[in-house]
Structure formats: structure tokens, C-alpha cells
Amino acid sequence: MAETATPIDKRPLVLLTPAFIAITALVVIPMSFILVYSFYENIDLAVDRVAFQFGNWEMLLSDNYYHSAIWKTLRISVVVTVLAAVLGYLPAYFIAMTTFRHKWLLLLLLILPFWVSFIIRTLSWIHILGNQGALNGLFQWLGLSDEPLRMMFNEFSVMVGLIHVFLPYMILNIYVSLEGIDRNLEPAARTLGATPWQAFREVTLPLSLPGLAAGSLLVFVLTGGSYVTPLILGGPSDFLFGNLIYDAVVTELNWPMGATLSFTLLVLLGSVVILYSRFMGLNQLSKAFG
Amino acid sequence: MSAWAFIRFYTILVYTFMFAPIAVVLVLAFNNSQFGGFPIDGLSLRWFHALFENEAIMRAFRTSFILGLMTALVATTIGILAALALVRYQFRGKDWVTTFLISPVLVPETVLAVGLLIFLRWLHMPRSFTLLLLGHSIIALPFVVLVVQARLVGIRREYEEAARSLGASPVQTFFSVTFPLLLPAIFAGALFAFTISFDNITATIFWRPSGMETVPTQIFGMLRHSVSPEINALGFVMICITVGVPLLAGGLARYFSRRKI
Chain A
1 MAETATPIDK RPLVLLTPAF IAITALVVIP MSFILVYSFY ENIDLAVDRV AFQFGNWEML
61 LSDNYYHSAI WKTLRISVVV TVLAAVLGYL PAYFIAMTTF RHKWLLLLLL ILPFWVSFII
121 RTLSWIHILG NQGALNGLFQ WLGLSDEPLR MMFNEFSVMV GLIHVFLPYM ILNIYVSLEG
181 IDRNLEPAAR TLGATPWQAF REVTLPLSLP GLAAGSLLVF VLTGGSYVTP LILGGPSDFL
241 FGNLIYDAVV TELNWPMGAT LSFTLLVLLG SVVILYSRFM GLNQLSKAFG
Chain B
1 MSAWAFIRFY TILVYTFMFA PIAVVLVLAF NNSQFGGFPI DGLSLRWFHA LFENEAIMRA
61 FRTSFILGLM TALVATTIGI LAALALVRYQ FRGKDWVTTF LISPVLVPET VLAVGLLIFL
121 RWLHMPRSFT LLLLGHSIIA LPFVVLVVQA RLVGIRREYE EAARSLGASP VQTFFSVTFP
181 LLLPAIFAGA LFAFTISFDN ITATIFWRPS GMETVPTQIF GMLRHSVSPE INALGFVMIC
241 ITVGVPLLAG GLARYFSRRK I
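Residue numbers (the UniProt record's numbering), protein chains in the order written: chain A, 1 to 290; chain B, 1 to 261.
In case anyone wonders, no lab produced these hints; they're calculated from the structure. Take these hints with a grain of salt, some might be off.
[As the list claims (entries may be wrong)] With a straight-line cut-off of 30 Å between C-alpha atoms, the simulated BS3-like cross-links for lysine-lysine are:
no., chain 1, residue 1, chain 2, residue 2
1, A, Lys287, A, Lys10
2, A, Lys10, B, Lys94
3, A, Lys287, B, Lys94
4, A, Lys287, A, Lys103
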């Protein structure tokens with residue numbers, strides 16, 4: 001007991017040092033560095049010059065190509081988040097409230113997608129929506145259509161892929177906050193004369209909002225930062241802001257522009273995270289791991 | 001239809017949405033057809049044969065496996081220490097420390113990847129296996145901290161205090177009491193880190209040196225043409241590994257913990 005009473009305990013500091021050094025060197029400094037690098041000048045493929053000029057930023061601010069990409073990313077992120085919430089709330093509610101004996105199985109199935117490779121889950125949609133996919137096979141077998149319906153390589157398939165991959169985050173977060181609600185509250189509301197729907201709307205729904213918000217934040221930020229899903233499931237015009245970064249860095253080898261775009265995405269999505277943490281705090285996010 | 005029946009039906013539909021595509025990959029892996037999609041011509045294992053004879057895929061497997069193991073080692077070591085500090089000690093500014101520790105998750109992975117790539121290039125460290133290892137470790141670190149922290153909360157300090165009061169030295173206490181109690185947490189963290197590394201593609205595409213492929217980037221490259229039946233077979237194998245290993249580990253852990261009681 002005497003140990004814990006000493007005013008300054010150095011042990012936690014020692015334990016935290018490796019993590020602090022790693023995050024500072026590999027996250028904090030590089031994130032600051034891309035801001036510096038965004039003022040560099042690109043001369044040729046993979047060749048750039050140390051400079052302090054605003055060419056990259058001017059291009060970003062003046063070129064409509066970048067503006068439309070930002071809007072498109074925002075729009076797709078909002079749609080994916082809303083659809084994930086709509087698809088995810090009821091299953092989360094079901095798992096939290098069910099008296100089903102094998103509830104653990106439902107929970108296990110919820111975590112299972114996290115263990116299945118992201119790229120496999122993404123490409124699997126080609127088998128569902130593609131010209132040789134399951135749906136087109138079904139339609140033809142039923143005689144609904146002679147020619148395969150084109151459902152792949154458009155914005156729709158990109159959104160389906162994104163929702164599919166990020167939905168478990170949404171359900172898990174909603175489930176965690178529903179699970180934490182006192183089971184006596186809804187019956188209490190009922191005895192006081194509320195209809196089942198009223199009891200849900202005025203008691204359970206508000207209490208589950210932290211989970212819904214946490215899930216939405218994750219889905220929004222993860223979607224906003226994606227670029228692999230559009231590459232696999234989208235057509236040439238279905239790009240997100242992340243694809244511009246990919247093009248700048250990997251294809252055009254224009255690193256200063258890549259840094260400029262990266263910093264922009266960091267600020268855009270970072271402000272959403274900060275806004276969220278002002279209202280909700282970041283604790284809710286870690287609850288899903290409990 | 002009552003409201004509850006509707007909710008149940010809706011849940012079944014959403015679960016179908018989540019698992020049907022995965023099931024389709026698992027089934028198509030056995031399709032005898034030349035092409036990766038439907039219809040199913042007949043069952044065969046030929047694409048698994050083709051897979052194991054494909055040198056590029058096997059090389060990617062080895063790379064991913066070694067990278068995953070090393071990531072697990074690095075991220076778990078750093079993560080356990082940090083989680084111990086968070087769970088065992090009270091200190092000022094703990095909320096800030098926690099936020100800082102999970103900050104790598106809050107940065108979009110694409111941005112993290114480009115930032116680290118450009119920074120290390122500026123330090124004259126081009127794309128390399130080391131960059132992949134460092135990068136994967138930092139991506140896995142927050143998850144390891146959260147997972148391990150959640151497990152550590154359950155370990156009571158009284159056990160250690162009892163060992164000390166019975167005359168064990170601090171080192172003895174650590175190795176004979178603390179460490180065995182920590183093992184499940186260490187294992188859970190390491191498994192998580194391995195999976196994160198093994199599955200990563202978003203950042204890996206930026207960090208891998210030319211000529212080096214991990215399994216996901218290899219699949220990504222193969223997709224450029226079309227979904228070949230080999231990819232389905234590869235998907236089957238990957239799902240068996242990444243789902244089977246944790247399930248088996250969890251099942252074994254449960255089995256042994258029951259036997260002890």
C-alpha cells in the first residue's frame with residue numbers, strides 16, 4: 001500500500017514509453033511532415049524539390065476535379081453510414097433483447113466477418129452482382145431476363161461493398177449500448193401506460209444513441225478513407241478522395257500532391273472525429289472491445 | 001406479423017446479406033469451371049492444386065505469415081506494457097494517454113500510409129519489409145491495447161499481493177503469478193495483431209517494396225484481369241485460416257478452463 005501512496009510513480013511512465021515513442025515517430029511526426037511536404041514542388045516522376053510554394057494547394061482549391069471528388073466522397077460516406085444504421089439497428093436490437101438460448105452464436109457470427117479477409121469479402125460481390133453472378137443466374141433461371149443485368153462496376157456496387165464490410169462495426173456498437181440498458185426501464189415505461197412503440201422511442205432509442213453515434217462515426221470515417229473498394233467494385237468514374245491520393249502517389253509519383261491530398265483528407269475526417277469526441281467522448285468507441 | 005417477428009425476419013435477412021457472399025466464395029472454390037463465377041460445372045479440387053503449385057501465391061503466403069508473426073510480436077510487446085500502465089496504475093491525464101494510444105486508428109489508413117511512406121523516404125528509408133513491419137505494428141497497436149486492457153481488468157491484484165506476502169520476490173511473482181494470468185490477454189492481443197497484419201491491404205499497397213507481395217496485394221494484382229477460380233480457392237484457404245485459428249483457439253481455451261474447474 002505504501003507504494004501506491006508515493007506522490008510520483010514512475011512505473012506507468014516507463015511502461016508507456018515504448019508506445020509513446022512508436023506513435024510519435026510513426027504517426028505524429030509523419031502527419032506533421034506531410035503538411036510540410038505539401039509545400040514542396042514536384043518536378044518530374046518521383047522527383048521533387050524542397051520549396052515553400054502554394055502550387056499544390058492552389059491546384060486543390062481551384063480544380064473542380066478535386067472539389068467534385070470531395071463532394072462525392074462526402075455523399076457516399078453519408079449514404080453508406082445511413083444505410084448501415086438502417087440495416088444494423090434492428091439486428092443489434094434483436095441480439096440484445098432475444099431470449100434465444102444460443103445468443104452467443106449470433107454474437108460470434110457478428111464478430112466472424114472481422115476475421116474474414118477484407119479483400120475476399122469485397123471481391124465476393126463480383127460473384128453476386130456480376131454478369132456471371134448469382135443474382136443474374138437466378139434472374140435468368142426464373143426467366144425474368146435474357147441478358148445479364150448490369151449491376152457491377154458502378155456506384156451501387158461500390159456502396160454495397162462498403163456497407164457489407166463496415167456493417168459489423170455498426171451492429172456491434174449499437175449492440176454494446178443496447179446491452180448496457182437496464183432491462184427494467186422498458187417494462188417500467190409500459191406500466192406507466194406507454195405503448196410498446198412509445199416505450200421504445202422514448203426510453204430505449206435515446207439510451208442507445210451513443211452506440212449508434214459511435215458506429216456511425218466509424219462507418220463514416222472508414223468509408224471516407226477508402227480507396228480499395230472502388231478500385232475493385234467500381235467503374236472508372238467511381239472514385240473516392242482516397243483514390244486521388246492513390247493515383248497521385250502510386251501512379252503519377254507526384255508525392256507533394258499526394259501529401260497535399262492526404263493532409264486534406266486528414267483534416268476533413270479528423271474534424272468529424274473531433275466534433276464527435278466533443279459531444280460524445282471517445283470512451284464509447286472502446287466499449288465494443290470489452 | 002408481430003413487431004418481434006418482423007425484427008427477427010429482418011435480422012435473418014441482414015445476416016444473410018453478411019454471409020451469403022462469403023458462402024458463395026467458399027462454394028465456388030470447388031467449381032470445376034474455367035471461370036471464376038457461376039454456373040457450377042461440377043465439383044473438383046483442381047484449383048487448390050493450381051494454388052499450391054503457384055509459386056507467386058506461395059511466396060506471398062510466406063511473406064504474409066512472417067510479417068504477421070513479427071507484427072504480432074512487436075505490437076503485442078508494446079501494447080501489453082501500455083495496457084498494464086493503464087489498468088494497474090492511477091495517474092493524471094489518463095484519458096489523454098488513452099486517446100493518444102488509440103490515435104493511430106483515428107487517422108484514415110490511407111493518410112497514415114502516405115505520411116509514413118513520405119516521411120521515411122525523406123529519411124532515406126525507401127519501401128521495405130521494415131516499413132511494412134513498423135507500419136503494421138502501429139496499425140495493430142491500438143487494437144492490441146484495447147483488447148488486452150479489456151482482459152486485464154479481470155485479473156485481481158490480490159493474487160500477486162498474496163504471492164508477495166508468502167515470500168516470493170517481485171521477479172518470482174511476475175513469472176509464476178502475473179505472467180500466467182496475463183497469458184490469455186497476451187494471446188488474444190497477438191492473435192488480433194496477426195489478423196490485422198495478415199488482412200491489411202489499404203496501407204500495404206503503399207508500403208510494400210516492388211516485387212514483394214502479401215496475400216491481399218497478390219489477390220489485388222490477380223483481380224486486375226478477372227476473378228480467376230484460383231482466387232476463390234485462395235479465399236477458401238484464407239477463410240479457413242483466419243476464421244479457423246481463432247475459433248479453435250477460443251474453443252480450446254474454453255475447454256481447458258472448464259477442465260481445471
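Structure-based check of each hint:
no. : hint                 : verdict
1   : A:Lys287 to A:Lys10  : 28 Å, holds
2   : A:Lys10 to B:Lys94   : 14 Å, holds
3   : A:Lys287 to B:Lys94  : 16 Å, holds
4   : A:Lys287 to A:Lys103 : 19 Å, holds
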